[in-house]
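As given, the protein sequences belong to chains U and P, one line each in that order.
Using the working numbering, you'd call the opening residue of the first sequence number 118 and step up by one each time.
Using the working numbering, you'd call the opening residue of the second sequence number 118 and step up by one each time.
Keep in mind that a hint or two might mislead.
In this list, chains with the same sequence are indistinguishable; a pair is considered to hold if it fits within one copy or across any two.
To be verified - SDA-like cross-link-like pairs, simulated, lysine to any residue; straight-line CA separation at most 20 Å:
(1) Lys487 - Thr346
(2) Lys421 - Glu329
(3) Lys467 - His517
(4) Lys445 - Gln149
(5) Lys487 - Pro459
(6) Lys159 - Ser123
(7) Lys421 - Gly557
(8) Lys487 - Gly557
Just so you know, the hints here were simulated from the structure itself, not pulled from any lab data.
Protein chains: 2
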Amino acid sequence: MNADPSLAARLPLELPALDWITDAARVARLSQDFAWFSPVLKRQLADKTAEVAVRPRTEAEIRAVVAACARDAIPITVRGSGTGNYGQAIPLHGGVILDMSGYNAFGWVRSGAGRAQAGIRLADFDRQARPQGWELRWLPSTFRSATLGGLFGGGFGGAGSITYGPMAAAGNVLGVRVMTVEPEPRAIELRAPDAMLLHHVYGTNGIVLELEVALAPALDWIESIAIFTSFDAALAFASALGSAPGLVKKEVCFLGAPVPDHMTALAEYLPKGCHAVLVVMAESSQAGMEDMTTAAGGRISYRKTAAESGNRTLLEYTWNHTTLVAMKVDRGLTYIQSGFEPARHVEQVKALERLLAGEVLMHLEFLRTKDGAFNCSGLQLIRFTSEERLNEIMQIYRDHGVTINNPHVFILEDGRQGQLNPAVVELKRRFDSQGLLNPGKMRSWTAPHAD
Amino acid sequence: MNADPSLAARLPLELPALDWITDAARVARLSQDFAWFSPVLKRQLADKTAEVAVRPRTEAEIRAVVAACARDAIPITVRGSGTGNYGQAIPLHGGVILDMSGYNAFGWVRSGAGRAQAGIRLADFDRQARPQGWELRWLPSTFRSATLGGLFGGGFGGAGSITYGPMAAAGNVLGVRVMTVEPEPRAIELRAPDAMLLHHVYGTNGIVLELEVALAPALDWIESIAIFTSFDAALAFASALGSAPGLVKKEVCFLGAPVPDHMTALAEYLPKGCHAVLVVMAESSQAGMEDMTTAAGGRISYRKTAAESGNRTLLEYTWNHTTLVAMKVDRGLTYIQSGFEPARHVEQVKALERLLAGEVLMHLEFLRTKDGAFNCSGLQLIRFTSEERLNEIMQIYRDHGVTINNPHVFILEDGRQGQLNPAVVELKRRFDSQGLLNPGKMRSWTAPHAD
Numbered sequence: 118m119n120a121d122p123s124l125a126a127r128l129p130l131e132l133p134a135l136d137w138i139t140d141a142a143r144v145a146r147l148s149q150d151f152a153w154f155s156p157v158l159k160r161q162l163a164d165k166t167a168e169v170a171v172r173p174r175t176e177a178e179i180r181a182v183v184a185a186c187a188r189d190a191i192p193i194t195v196r197g198s199g200t201g202n203y204g205q206a207i208p209l210h211g212g213v214i215l216d217m218s219g220y221n222a223f224g225w226v227r228s229g230a231g232r233a234q235a236g237i238r239l240a241d242f243d244r245q246a247r248p249q250g251w252e253l254r255w256l257p258s259t260f261r262s263a264t265l266g267g268l269f270g271g272g273f274g275g276a277g278s279i280t281y282g283p284m285a286a287a288g289n290v291l292g293v294r295v296m297t298v299e300p301e302p303r304a305i306e307l308r309a310p311d312a313m314l315l316h317h318v319y320g321t322n323g324i325v326l327e328l329e330v331a332l333a334p335a336l337d338w339i340e341s342i343a344i345f346t347s348f349d350a351a352l353a354f355a356s357a358l359g360s361a362p363g364l365v366k367k368e369v370c371f372l373g374a375p376v377p378d379h380m381t382a383l384a385e386y387l388p389k390g391c392h393a394v395l396v397v398m399a400e401s402s403q404a405g406m407e408d409m410t411t412a413a414g415g416r417i418s419y420r421k422t423a424a425e426s427g428n429r430t431l432l433e434y435t436w437n438h439t440t441l442v443a444m445k446v447d448r449g450l451t452y453i454q455s456g457f458e459p460a461r462h463v464e465q466v467k468a469l470e471r472l473l474a475g476e477v478l479m480h481l482e483f484l485r486t487k488d489g490a491f492n493c494s495g496l497q498l499i500r501f502t503s504e505e506r507l508n509e510i511m512q513i514y515r516d517h518g519v520t521i522n523n524p525h526v527f528i529l530e531d532g533r534q535g536q537l538n539p540a541v542v543e544l545k546r547r548f549d550s551q552g553l554l555n556p557g558k559m560r561s562w563t564a565p566h567a568d
Numbered sequence: 118m119n120a121d122p123s124l125a126a127r128l129p130l131e132l133p134a135l136d137w138i139t140d141a142a143r144v145a146r147l148s149q150d151f152a153w154f155s156p157v158l159k160r161q162l163a164d165k166t167a168e169v170a171v172r173p174r175t176e177a178e179i180r181a182v183v184a185a186c187a188r189d190a191i192p193i194t195v196r197g198s199g200t201g202n203y204g205q206a207i208p209l210h211g212g213v214i215l216d217m218s219g220y221n222a223f224g225w226v227r228s229g230a231g232r233a234q235a236g237i238r239l240a241d242f243d244r245q246a247r248p249q250g251w252e253l254r255w256l257p258s259t260f261r262s263a264t265l266g267g268l269f270g271g272g273f274g275g276a277g278s279i280t281y282g283p284m285a286a287a288g289n290v291l292g293v294r295v296m297t298v299e300p301e302p303r304a305i306e307l308r309a310p311d312a313m314l315l316h317h318v319y320g321t322n323g324i325v326l327e328l329e330v331a332l333a334p335a336l337d338w339i340e341s342i343a344i345f346t347s348f349d350a351a352l353a354f355a356s357a358l359g360s361a362p363g364l365v366k367k368e369v370c371f372l373g374a375p376v377p378d379h380m381t382a383l384a385e386y387l388p389k390g391c392h393a394v395l396v397v398m399a400e401s402s403q404a405g406m407e408d409m410t411t412a413a414g415g416r417i418s419y420r421k422t423a424a425e426s427g428n429r430t431l432l433e434y435t436w437n438h439t440t441l442v443a444m445k446v447d448r449g450l451t452y453i454q455s456g457f458e459p460a461r462h463v464e465q466v467k468a469l470e471r472l473l474a475g476e477v478l479m480h481l482e483f484l485r486t487k488d489g490a491f492n493c494s495g496l497q498l499i500r501f502t503s504e505e506r507l508n509e510i511m512q513i514y515r516d517h518g519v520t521i522n523n524p525h526v527f528i529l530e531d532g533r534q535g536q537l538n539p540a541v542v543e544l545k546r547r548f549d550s551q552g553l554l555n556p557g558k559m560r561s562w563t564a565p566h567a568d
């Protein structure tokens with residue numbers, strides 16, 4: 118369904134007041150994300166690129182681009198900062214990259230809710246919200262560069278999901294302003310739960326312009342590392358701490374040995390061979406966490422308030438930054454994403470560690486599921502040998518009752534092991550009737566006239 | 118072990134500067150609590166009374182009373198506002214009531230922690246903490262009169278336990294200042310977890326002078342009633358709402374028909390025969406809760422902000438205020454307290470409702486357990502016929518895998534169906550070596566020379 122390349126190339130001439138990127142190398146870079154974490158995706162997606170990119174600053178500019186694309190049937194791939202790991206923002210069929218990072222105004226914060234334009238960086242949002250007593254409920258490890266719209270369109274949650282669950286949990290997102298793709302684009306406010314039909318579908322069924330989200334009270338956080346010599350003791354500690362209702366926390370990340378050995382910048386706090394739990398606690402919960410550490414046979418090797426941390430935050434060693442940091446040291450690593458059963462996550466982790474230690478390096482993020490069950494999610498590092506062995510490992514996980522969210526596929530339905538919500542597809546039909554948004558990522562529906 | 122009554126009677130003469138209550142009728146009233154909820158306890162405890170009561174205003178006054186009692190072996194029963202339901206504050210062996218309600222200074226609030234003297238009323242604490250951005254994590258339905266020390270000494274938690282678990286959960290209580298009972302009383306600061314050895318032991322192992330507790334960020338709350346025609350739909354709604362991690366709440370109380378019919382002051386919002394769920398939501402979570410209500414087939418019949426509520430709060434229709442309100446309408450009712458299994462609480466409730474509807478009226482409080490599991494606790498109303506039938510009902514519950522915290526006993530060990538933590542008993546030996554504190558409530562240890 119590639120449109121005539123000359124059509125996209127003409128857009129900058131037609132809309133000269135906009136901020137266009139036409140240099141092929143820059144466009145190619147803006148077309149990529151962190152899909153190279155996966156050797157599979159890297160092979161499939163490395164050469165994919167848009168023809169031009171544009172960085173609109175106003176809704177009127179967005180509307181002008183979208184109208185022109187709709188008129189000429191030019192594919193549009195909406196992009197935040199390109200911090201995705203599954204090629205969410207990689208255009209498969211050329212066209213235009215709609216880079217939202219310049220559409221980034223902070224709107225307002227009141228009574229536990231806040232609103233901003235989609236391109237606002239998460240760190241910027243917090244910097245403006247915190248003086249008013251509020252902060253975002255979730256911070257992926259990419260929060261410095263990642264945008265709010267990007268998190269909504271292609272992300273999950275992150276730090277904070279231990280309390281508030283994933284972004285998808287009811288109550289987290291209150292509303293979105295969406296633009297349709299048609300010659301005369303409409304901007305529509307959708308409130309939750311309908312707003313959630315645009316969540317995590319890679320910008321395939323509407324262009325999210327603004328988001329209104331529920332916020333968390335801004336607290337003073339302390340970052341710590343608890344280290345252990347026993348895998349089982351560290352795991353039991355992380356699980357008990359994560360679940361403890363009286364200990365207010367933002368992050369509990371378990372790193373089985375030898376994952377911590379890859380974190381060279383933190384080496385002085387991570388004795389070789391240790392198992393580490395990276396935690397971010399509310400100040401009033403710090404003592405309780407430290408009591409639990411001692412009782413579990415561990416010790417605190419690192420403890421810093423925000424003021425003491427300077428520009429460093431342990432959050433940039435969690436979630437997929439763990440993967441990034443480890444891969445910088447060892448390019449032979451890749452990873453998988455796995456979901457345990459809430460009722461027996463500790464037991465499942467132990468069984469898989471016994472079976473695959475050395476080849477699969479255990480990294481767990483503790484969280485509440487969408488329904489509020491306490492659980493952990495794995496972002497295990499894998500010493501990559503072959504795609505065949507990678508698939509075998511994933512099968513061993515499944516055989517232990519662990520679900521795999523395969524991060525080595527870029528089509529929505531493949532990542533979810535099943536059907537999309539029909540209402541998601543219906544919205545695609547209504548808001549993008551020509552199938553121009555991020556084409557090739559949704560298999561369930563293609564425009565009647567697309568080839 | 119009753120001391121010579123003349124000894125207690127002499128105390129007011131010996132310490133004339135203190136605020137003594139010696140009038141027998143007033144002392145008898147100060148000796149009682151809400152144990153009359155239980156027909157069993159009412160019969161056993163109705164005639165129990167101290168000989169004198171004293172209301173100290175300073176630590177020096179407390180010390181003077183305690184020193185005198187220790188010298189003369191006079192029993193001391195520490196009391197907050199007497200809102201307990203199990204005779205916690207009812208002296209079994211005469212002596213002195215140490216009424217802490219005048220020892221009530223607010224200390225400080227900072228960084229999510231707060232400190233106050235034990236006799237502060239919970240509502241007073243919140244009134245002073247909220248302008249600084251914080252509030253208590255738990256409010257029993259008696260919060261207007263109940264004291265912080267009383268909640269700690271004889272209570273559980275309450276509204277807020279849906280988020281922070283019971284007061285007993287790690288991280289909720291940070292420290293206590295305790296006075297020993299000896300001729301020269303010592304005041305000792307105990308930090309958590311040791312501080313918790315004095316929790317919910319009815320003031321038997323030390324006199325709690327001050328408490329330091331972790332706080333919750335003060336939010337704007339909205340109180341609502343969701344009503345349903347289907348018991349199962351109301352139950353499923355309450356359970357899903359209670360667990361939902363993105364919906365911030367303070368209270369989810371389920372009242373199966375015909376419990377709501379007893380709430381005459383709310384009759385306009387409670388159609389006869391309805392099942393009702395009383396909820397208190399953070400303002401930004403209200404819309405999400407209302408969406409869930411509609412999706413579950415219910416409707417919102419009552420919705421008020423704090424400003425709109427005036428002096429009324431739905432919290433005074435939850436927890437044991439449900440029992441109180443219902444018993445005012447029907448004195449033939451009593452109640453039990455039950456704990457379900459987190460993994461199958463909905464199924465257990467349905468089975469017991471099918472079996473005992475009409476005789477046992479379902480009242481559930483949703484909460485997180487000490488370990489963070491989502492669950493509900495029952496405060497079922499019972500149409501009382503006999504102690505034998507009451508025991509039968511409790512056995513039916515146990516046969517369904519539901520634990521009973523028997524509210525018809527006043528001895529610590531009987532309410533817990535087992536042993537006390539040995540460290541609790543050891544503290545009793547150290548801090549109250551003569552066994553003068555609330556004698557008769559702890560069976561595990563009595564002073565060597567007590568009779």
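Determine which of the earlier numbered hints do not hold for this structure and return their numbers in increasing order. Violated hints (numbers, rising): 1, 2, 6, 7 and 8; every other hint is consistent with the structure.
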